Amino acid sequence: MTATHLDVGGDSVLQVPGPALEAGTGGTSVPARFRRRAFSVAFAAVATLSLLVLVLYPLITILIQSVFPDVFSVPASLAPSLGSFSRVFSTPEVYGSMLNTAWLGVAVAVLGTLVGAVVAVLVRNTDLPGRRVFDGLVWITLFTPSYLVALAWELLFSRGGFIDSTIAPLPDGVVNTIFSPVGLAAILTLRLFPFSYLAVSAALRGLGSEYEDAARMVGASPLRCWLRINGPLLAPALFAGGLIIFAEAISDYGTAATIAQQAGFNLVTYELYAAMNNAPVDFALTAALALILIVAIAVALMFQARLLRARSYQVITGRTRPARRLPLRAWRLPLTLLMSLFFVAALLLPLAATLAMSFMRNLGDGLVASNFTLANYQAALDAGGEALPAIERSAALAVGAATLAALLGAAVAFVVERTRVPGRAFLRLLTVVTLAIPGIVLAVGYIFAWNQPWMQNVFGFTPYGTIGLLLVAYVAEALPFSARLAGGALAQVGDHLLEAGRMAGATTAQLFRHIVLPVVATALLSTWMLNFTGTLFELPASELLQPAGEPPLSVQIINQYSHYRQGPGTAMTIVAIAIVAVAALLIAGAARAVRARGGKTHARRGF
Amino acid sequence: MGAKSIRYLGIVAVSSALFASAVGPARAETVRVPSSSGGTLTLYSAQGYDSTMAKAFQKSTGNQVKLTDDATGNLLAKIAAERNNPQWDVVWFDGDAAMQGLDVQGQLLRWAPANAKNYNALGRSLIPSDHGFYPTAVTAAGALVYNTKKLTPAQAPKDWNDLLKPQFKNQVAAIDPAYSGPAFSLIAGMMQRKGGIAQGQAFFTALKGNGMKVFQTSDSVMNAVQTGARLVGFAQDSGYYGAKSTGAPLGIVYPTSGVTLLPGVIAINAKSKHLAAAEAFVNYVLSQAGQNVMIHDPNDPDANVVPVITGISALKGRQVTGIKWQRLDYKWAASNENAIKLWYHNSIVQ
Numbered sequence: 001m002t003a004t005h006l007d008v009g010g011d012s013v014l015q016v017p018g019p020a021l022e023a024g025t026g027g028t029s030v031p032a033r034f035r036r037r038a039f040s041v042a043f044a045a046v047a048t049l050s051l052l053v054l055v056l057y058p059l060i061t062i063l064i065q066s067v068f069p070d071v072f073s074v075p076a077s078l079a080p081s082l083g084s085f086s087r088v089f090s091t092p093e094v095y096g097s098m099l100n101t102a103w104l105g106v107a108v109a110v111l112g113t114l115v116g117a118v119v120a121v122l123v124r125n126t127d128l129p130g131r132r133v134f135d136g137l138v139w140i141t142l143f144t145p146s147y148l149v150a151l152a153w154e155l156l157f158s159r160g161g162f163i164d165s166t167i168a169p170l171p172d173g174v175v176n177t178i179f180s181p182v183g184l185a186a187i188l189t190l191r192l193f194p195f196s197y198l199a200v201s202a203a204l205r206g207l208g209s210e211y212e213d214a215a216r217m218v219g220a221s222p223l224r225c226w227l228r229i230n231g232p233l234l235a236p237a238l239f240a241g242g243l244i245i246f247a248e249a250i251s252d253y254g255t256a257a258t259i260a261q262q263a264g265f266n267l268v269t270y271e272l273y274a275a276m277n278n279a280p281v282d283f284a285l286t287a288a289l290a291l292i293l294i295v296a297i298a299v300a301l302m303f304q305a306r307l308l309r310a311r312s313y314q315v316i317t318g319r320t321r322p323a324r325r326l327p328l329r330a331w332r333l334p335l336t337l338l339m340s341l342f343f344v345a346a347l348l349l350p351l352a353a354t355l356a357m358s359f360m361r362n363l364g365d366g367l368v369a370s371n372f373t374l375a376n377y378q379a380a381l382d383a384g385g386e387a388l389p390a391i392e393r394s395a396a397l398a399v400g401a402a403t404l405a406a407l408l409g410a411a412v413a414f415v416v417e418r419t420r421v422p423g424r425a426f427l428r429l430l431t432v433v434t435l436a437i438p439g440i441v442l443a444v445g446y447i448f449a450w451n452q453p454w455m456q457n458v459f460g461f462t463p464y465g466t467i468g469l470l471l472v473a474y475v476a477e478a479l480p481f482s483a484r485l486a487g488g489a490l491a492q493v494g495d496h497l498l499e500a501g502r503m504a505g506a507t508t509a510q511l512f513r514h515i516v517l518p519v520v521a522t523a524l525l526s527t528w529m530l531n532f533t534g535t536l537f538e539l540p541a542s543e544l545l546q547p548a549g550e551p552p553l554s555v556q557i558i559n560q561y562s563h564y565r566q567g568p569g570t571a572m573t574i575v576a577i578a579i580v581a582v583a584a585l586l587i588a589g590a591a592r593a594v595r596a597r598g599g600k601t602h603a604r605r606g607f
Numbered sequence: 001m002g003a004k005s006i007r008y009l010g011i012v013a014v015s016s017a018l019f020a021s022a023v024g025p026a027r028a029e030t031v032r033v034p035s036s037s038g039g040t041l042t043l044y045s046a047q048g049y050d051s052t053m054a055k056a057f058q059k060s061t062g063n064q065v066k067l068t069d070d071a072t073g074n075l076l077a078k079i080a081a082e083r084n085n086p087q088w089d090v091v092w093f094d095g096d097a098a099m100q101g102l103d104v105q106g107q108l109l110r111w112a113p114a115n116a117k118n119y120n121a122l123g124r125s126l127i128p129s130d131h132g133f134y135p136t137a138v139t140a141a142g143a144l145v146y147n148t149k150k151l152t153p154a155q156a157p158k159d160w161n162d163l164l165k166p167q168f169k170n171q172v173a174a175i176d177p178a179y180s181g182p183a184f185s186l187i188a189g190m191m192q193r194k195g196g197i198a199q200g201q202a203f204f205t206a207l208k209g210n211g212m213k214v215f216q217t218s219d220s221v222m223n224a225v226q227t228g229a230r231l232v233g234f235a236q237d238s239g240y241y242g243a244k245s246t247g248a249p250l251g252i253v254y255p256t257s258g259v260t261l262l263p264g265v266i267a268i269n270a271k272s273k274h275l276a277a278a279e280a281f282v283n284y285v286l287s288q289a290g291q292n293v294m295i296h297d298p299n300d301p302d303a304n305v306v307p308v309i310t311g312i313s314a315l316k317g318r319q320v321t322g323i324k325w326q327r328l329d330y331k332w333a334a335s336n337e338n339a340i341k342l343w344y345h346n347s348i349v350q
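Each protein sequence line maps, in turn, to chains A and B. Heads up, the first sequence is in our numbering, so the first residue is 1 and it goes up one at a time. Heads up, the second sequence is in our numbering, so the first residue is 1 and it goes up one at a time.
Just so you know, these hints were derived from the structure itself, not from any lab. Among these hints, one or two may not hold up.
Unchecked claim - Mimicking SDA-like on lysine to any residue, the simulated pairs with C-alpha atoms at most 25 Å apart in a straight line are:
1) K150(B) <-> A76(A)
2) K149(B) <-> F372(A)
3) K271(B) <-> T462(A)
4) K150(B) <-> T256(B)
5) K66(B) <-> N559(A)
6) K208(B) <-> A76(A)
7) K324(B) <-> A314(B)
8) K149(B) <-> T373(A)
9) K271(B) <-> A375(A)
10) K169(B) <-> A168(A)
11) K271(B) <-> T373(A)
12) K66(B) <-> A548(A)
13) K208(B) <-> E386(A)
14) K316(B) <-> T152(B)
15) K194(B) <-> Q167(B)
16) K66(B) <-> E386(A)
17) K271(B) <-> P453(A)
18) K55(B) <-> N362(A)
To be verified - Output of the computed footprint for chain B on chain A, the stretches with three or more beta carbons under 8 Å from beta carbons of chain B:
19) 66-75
20) 275-286
21) 436-448
Everything numeric in this text was worked out from a predicted model, so none of it was measured. Glycine is no exception: its CB is placed at the ideal position from the N, C-alpha and C atoms.
Okay, chain B solo, but in the shape it has when bound (with noise of 0.2 Å):
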């Protein structure tokens, strides 16, 4: 056996060792201690503010937060995987329809958070009666925004009906809830107003008959009307002020027939092996500490909300009166998610 022969052995065993360290349990992370004790827990959020605040938890309480920020869409899919032995401790995302799909499947803890007390009004009008989620904060769903550069004030749209106008033809962009959480939540509120999925359709399909076109997500809307590609869209609100922050040519409109309030939800899995930390880490985001962290994230655009706990206010620019908030009924959406979303799939997006 010659240099080389022992060179290439080498190589093999390295891989091995590799393959081995790799696959083995050697790494820290890799165990699972089951305590209730605190400790560390695992957070599934789509939050964009959610990594600050974690950073925050930790310094303030000690507690590790082991993060995945993710799409709605693909955390749903984690959960689902996972049900057999559920890995997450603490979900968090924006649409309390999907939470209430998760809720019904038993997989969310039931229980009452020590800072319940801090909701003001609209936050305590938001908690649902078998206490399984927690509102964080709100914004609205899809308010209309337009190009500041081809409408004045006065020429964009007051109202949804307003869409359907020949100014509006071939100018009007939606969203796809395929990849927009908030696109469900706007489409099921938008039937809820219009009395019923028959009429919601209805309106949807004399909107595409205007030629309203589908986009994937609230910020593809923006780019495209910023852009010129489109006068209006549907975005959702906290997205808008972001991008308006840096000095996007966008305008907003809240229709005054109503807009649907979206509320970022919080759960805990009701198998968490990490009971102490999850509880602390949800009371810790209704606290008023935890509320000024989201809200003053500078990085990002998610953290223009309305918030839902006393004392706190919202960031500066953000309109929070002169708002018709509507409440979508969760129950009713949850129910009928499949069946709205394959109608709009097939008869509006296609």
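Looking at chain A on its own, in the form it has when it is part of the complex (with noise of 0.2 Å):
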């Protein structure tokens, strides 16, 4: 019996590696030994590569004008100053976002951990009715964009919103709950729960019965079993998933921007917007506050691995016996009822204001039929529109980067648990890290990094203001999440699998190809599918780098939006939602003949 580390999502900064596969067993020859290593080095290039140019090197050139203001200036100037640090300090709301944004990064993760964690055991491991269909409304919360959300939330809930003034007026306590810290961390909450869950799941799966069925012997109730055995098991998967919680409500902007304003709770996302969009820009504020998100998350990562040290986790493996179903008996219906509550409120809700306002002439008007149009659609798929260019570039954009990202990022997950390429664990380090960093601050760093005047020389051509740029730059903001999908799937393949296989004399290539690659090719789709999503509904890269003349469907949504012409703008989310939908059917018939294929590779990963 092997025991084995129960890693989650990939995120426990405490793993210990597993077998690296270039690491050559007895009995190989030199050259298969040599070939083994290249194959290995090539992959770890390609991987390390793809990171320190896509996402390092931007990040680099806006993070050190927090030092050296002027660095690209014209005249530029080597000359540095720590005043960018002395206006955070010195200047009340930017400090006083500090503190904000700390209090909701840590209540957002702690509830979403638990909301997750919580779903996660109802759907996994009960026989709570419909778990199929919960855990697929799980998926479709992850893919909302958080703008979308915060804006339906907004035209929803806010005094002559939709609810005020097409249904009935609301209570002032609504409003004021709705739009206070409060109600900024539940909506938060409800939008990032998923991630909590999707790594509970990864660990529920590797869980097993045997000390549950030890402990039963002995006489403890189920319950007991879960809150001293299962429980305590699944603590690094709770730290991992509140990690990734922390570091994207921390760098969220959607919501800082729509409800944390309304609410008069002001963030650090929304102070570094506010620096680079008024005149004159403030670079070097920026930088200094996406600086400090750094350091947050990195505070955070120190305590997770803190926290996890002091015990071990090792479950057993061999996954002969699944984890045996709770039964829910009285609490059925309540609980069940209780979900469908839940779901109706993070997702149904902003949706169906979505639809019904892409149906309505004027917003003001109310739900009557004289202000039913489909005059928004029109405009939303006229031939001769910018609407529908806009369409087609973004979903042949979003294609590409989902396509391009999931393969990266395996091959980043790959070199950080599999292999033994010095600097690892920085490329791990890099990929959490990246989680903090507001897109805003990587599209900026783009400009800074690919708008370079030699460049024109040495390639011919200024990369920034091309297609192709923002094309890398999608590329990019999806990396880091997914080598950590990918890293999730990957500590699935059991080293007992890969030592069986090298024993049988397979290259690394073998190893890959037949092992390795059907255990992640159901994570890779489900990965395609979060990047294609984030990709078409993508804000602050899509902004910044769209290439004049050839904007992407985001940047028209959010125009219209912007000029409060909810007809036509959400008509456009509805469209660009439909597209999500069909790809969607599409990858879970993809991932549905890769089970059927391959049922006996665990590779199990729902979608």
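With the hints as a guide, dock the two chains, each given alone in a separate frame, to form the complex.
This is the structure in structure tokens:
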């Protein structure tokens, strides 16, 4: 019986590396070992270079301006200055925003982790009716972009919004609660709990029932088993999910710009955006605030590592006995209702509001027959208009970015989880830390990084302003998360499988092709779907890096919203959601095909 | 190597090719030929009618326009980040204070367009002495809009000071300069009318004391007023006429003590590699033909402007007389912009 490390979502920084593929075993010839090493090195080089060039280099070009504010000015100067940090700590609303962000990040991480864990246990390990439907709903929640949810909630619950003006006047208490720090935390929790759900679900699959069976034999109740055995064993998964939620919460701009502003609750991401959107533009302050977000996530990482180092979380592998399903008995109906209500709030409400508004002529006139129109869709799908080419352009970009990011992410995860390439710990750190960096910072870094005058002479063109660079930026934004999802799937590849393969004389390429790839295939498909949706609705890079004359769909949508043309804006959103739905059906079909062919490979990642 | 391996290699090859073509110089539009003989120009604009104007210009002159349409704040961020290698030729948005900021940095071409002869008296009065940028139309940075279902014209406020009255307690909606281009002109203009920064601050503080709430843009203010969340609000008047034309229950008041004039302004990059095309575009915007395209853009509320070119009349229903215009001292405003915005954000928005 082998004991292996329980890794969830590939996040636990304490992880002891499994046997590395390149570590030669006895009995192989020197050329074979050399080939194996060459393969690993080439793989590692691609993964490392892609992270360095696509993510690290652009980030450095912006972050460096926090201490060298004039490094890209005309004329350029390397004079160091700490003025940006003194502006951070001498301006009350800026350092106030740091406290607010820290408070919100911790609250949402705790709430989101708990909600995600409870939903995961209910869906995976009980006899709750409609489990598969709920699983699908979690994925849809994960796919929904935060600014759309924030906009929908704002339109729904603001004074004079959809409910207030069309259904019934909202009591002050409701409006004031939604547009308060508490409401903000609740909305972010509804948005981000899927990260905890995914981590806990993966851990539950590996849990088995051996410990539980042993406890049951000596008379422990099912509840007691969960509290004393399964619960503690899930701790790494809880911390991993919580860390991602924390990172996403503190870097979220969608809610910072909408609901947080209405709540009078100032967040770092908003200050960061304001610093670069007001004349004169202050990139040094933007960079200083981005560095502060990075420090916050680094502190969270250290905290997580310290907590987890205290004890062991090893489980028994083999997966011969799946975990026991907990019978819910009298709790079945109330829990089903509660779960349904939960998804109504997280998903159905914002989607329904968007759909309703896409058929309305004028929001102020309410839900009456005379206010019904198809004109918004005619505008969105008008062949001669600008929306249709943008839809085609963004769909193509999303397919390209999703494919490249999923493959590169798998390569990065492979290097980090399964090789002993020097510097892999740094790559892992980079994929976590970049989760906490708002997309807008990376996007503005892309302008500095890829608009250098010398590039015209060296490459023959300037990358900035091309649709190619926008694609690369999309890949860079999706890459850290793709690597983390692939890492989680890779952790499911048992070391014993690799060892068995190696004993039988398989080369690294064969191990990758016949063992690793089948296991991660369904995870890759899920990652692809996430990347596709994320890219289709991506905003910061789309706005700052759009090629002149070729705007992406998300920019067109947000321009409609910001001019308060909600009709065409919501219609375009619904068209984009329809594209996502079609892609999801295709991917789900592909995932079923993979599962049917390779059911024996443990590829049970749900979609 | 089996068939499956080959398929896998195929995927890798296709993705690599995709990647190479994505970053490579193969695409025609990525090649920038330095030229001063017209051709293609890149336009950064926040104007709602920019796309219609660009198409009409292309049709009329044969020059190509590559348009980036975005909020003024995002355009300013892009221009700042591009400073050591600018990619834009023409920039066009509302608000001479932000444009003045680019001008003092030496980023704007100082020149005299041939069609400057077309300006009417209002237009001529708006040309800066260094000829760094040119007005294209005029709107009011902030007039008062009110809900006509809840207020009769007699009940509506007549001047800014009326907003301090008890009947407007918790009923006033303001705009946020962090989101709205016209908001800063409105705030700075109010301070100028009140006699200085301190007096202006006192007025806004009093408004806040009467329950004034800050929304993001003119459009969000009008939405709040239209749906009854607030009775009155500040809004750029061109947006108001646009909303009015779709049947929104809104009315407008030009306060008797004056409204800040907000010019749409256009300028050419001092380092433009497509000067001829850029100059042709600005001249086209200042021509009668170009102005008619702008004003009669059917889909665009921004087109409800007061013309600055002779022989052009405003859209029907748009009030052009009886408005007490106030010129913003944009040099004073630009030099105090950060301090004023910071104060407003700290003391009024928060």
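Status of the hints after comparison with the structure:
1. K150(B) <-> A76(A): With a Cα-Cα distance of about 58 Å, the restraint between K150(B) and A76(A) is violated, given a limit of 25 Å.
2. K149(B) <-> F372(A): Given that 25 Å is the threshold and the Cα spacing comes to 21 Å, the pair holds.
3. K271(B) <-> T462(A): OK: K271(B) and T462(A) at ~16 Å, within 25 Å.
4. K150(B) <-> T256(B): Holds: K150(B) and T256(B) sit about 22 Å apart, inside 25 Å.
5. K66(B) <-> N559(A): 18 Å, holds
6. K208(B) <-> A76(A): Judged against 25 Å, a Cα distance of about 43 Å means the pair is violated.
7. K324(B) <-> A314(B): The hint holds at about 17 Å.
8. K149(B) <-> T373(A): Measuring from Cα to Cα gives roughly 23 Å; hence the hint holds.
9. K271(B) <-> A375(A): Violated - the C-alpha atoms of A375(A) and K271(B) are around 43 Å apart, more than 25 Å.
10. K169(B) <-> A168(A): Roughly 23 Å between the alpha carbons, so the hint for K169(B) and A168(A) holds.
11. K271(B) <-> T373(A): Since the Cα atoms of K271(B) and T373(A) sit roughly 47 Å apart, the hinted pair is violated (cutoff 25 Å).
12. K66(B) <-> A548(A): 5 Å, holds
13. K208(B) <-> E386(A): 41 Å, violated
14. K316(B) <-> T152(B): 23 Å, holds
15. K194(B) <-> Q167(B): The given pair, whose Cα atoms are some 23 Å apart, holds under the 25 Å limit.
16. K66(B) <-> E386(A): 13 Å, holds
17. K271(B) <-> P453(A): Cα-Cα ~13 Å, so holds.
18. K55(B) <-> N362(A): 29 Å, violated
19. 66-75: Satisfied; 3 residues make the cut.
20. 275-286: Satisfied; 7 residues make the cut.
21. 436-448: That given contact holds, which follows from 3 residues of the segment 436-448 of chain A lying within Cβ reach (below 8 Å) of chain B.
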